[in-house]
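Q: Working from the sequences, and respecting the hints, build out all of it.
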Amino acid sequence: MSMDADQTHCRHFLSLLDLSSEEARRLIARGTELKRMLKTGEDYRPFPNRTLAMIFEKSSTRTRVSFEVGMVQLGGHALFLSPRDTQLGRGEPIEDSARVLSRMVDAVMIRTFDHAIVERFAAHSRVPVINGLTDRLHPCQLLADMQTYHEHRGDIRGRRVTWIGDGNNMCHSFMEAAQVFDFELRVACPEGFEPQADLLAAVQGRCTILRDPQEAAEGADLIVTDVWASMGQEEEQAKREALFAPFQVDDAVMSRTAPDALFMHCLPAHRGEEVSASVIDGPRSVVWDEAENRLHAQKALLEFLLLPLLPQG
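Take the sequence shown: its position 218, counted from the start at 1, is 392 in the working numbering, and no numbers get skipped.
These are calculated hints, taken from the structure and not from any lab test. Since this is a predicted model, take the numbers as computed values, not measurements. Treat each hint with caution, since some may be false.
Only pairs whose alpha carbons sit at most 20 angstroms apart, straight line, appear in this in silico EDC-like list of lysine to aspartate or glutamate [said to hold, decoys possible]: (1) 413 x 447; (2) 232 x 409; (3) 213 x 477; (4) 232 x 309.
A: Shown next as structure tokens:
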């Protein structure tokens, strides 16, 4: 038996496409149920003595706090690991780190740059690996976003979602969500900032690329944006500000949407850049519910991945 032979018994969450449509819908419904249970004071701790290792190569507020608090609320413990404090930052092979950590902890969450890192880690891990964000995808945020839309407006199936801004990791995950949750996606972005071609090819028929944000917003049920320069792109900030200025989500854009359209942003937000203060702080914005739901959706995800692995009885 090889050292990694038993790693195939667990499931990983590296992409929304790791879930079936039915599983994804059940998961966000469970997030809402766990939210209700917490707010009514129900004591639910299925993971005593269980541990989540959290590996951060990118800084974080919502991802760290939501996973750490979520694991504690479920009766377990979370370990914060940064490259400054571990062998990960000193060149230990990803495969070796996966083999060692997965013999000590019950799950691993990784927030990093290169998507290949989480794939390599998962390939050699005995326990579930969760993508906390890569430059390619941010699937945990999409669970929270879908839960938030469902809580406010019901099923997103058949609705029109408009992404305005950079074709980045968040845009990519909305493209996967369009497949899993069965909605139409419009992407309004400047030329040269389109989503990655392989992901675009996979979502053909559900995703349209447009250059005019107001046209893209026409009749939309949900408008979503993100910062113009993501982590690691700060040196491009001035160039991007000039190119993206026409892509601000403002009142003129929102006026083209369906009357009950919502606005979302994964945060942190820059008012006056990708979104006007009047929109993000306005009545259609659900960004604070969206941020809170990172906690509840990820608790549902942890439960989904870990419960089948626990001893029965």
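Q: All the hints need checking, so say for each whether the structure fits it.
A: Now the hints, each set against the structure:
no., hint, verdict
1, 413 x 447, "holds, 13 angstroms"
2, 232 x 409, "holds, 17 angstroms"
3, 213 x 477, "holds, 18 angstroms"
4, 232 x 309, "holds, 10 angstroms"
No hint from the list above goes unmet by this structure.
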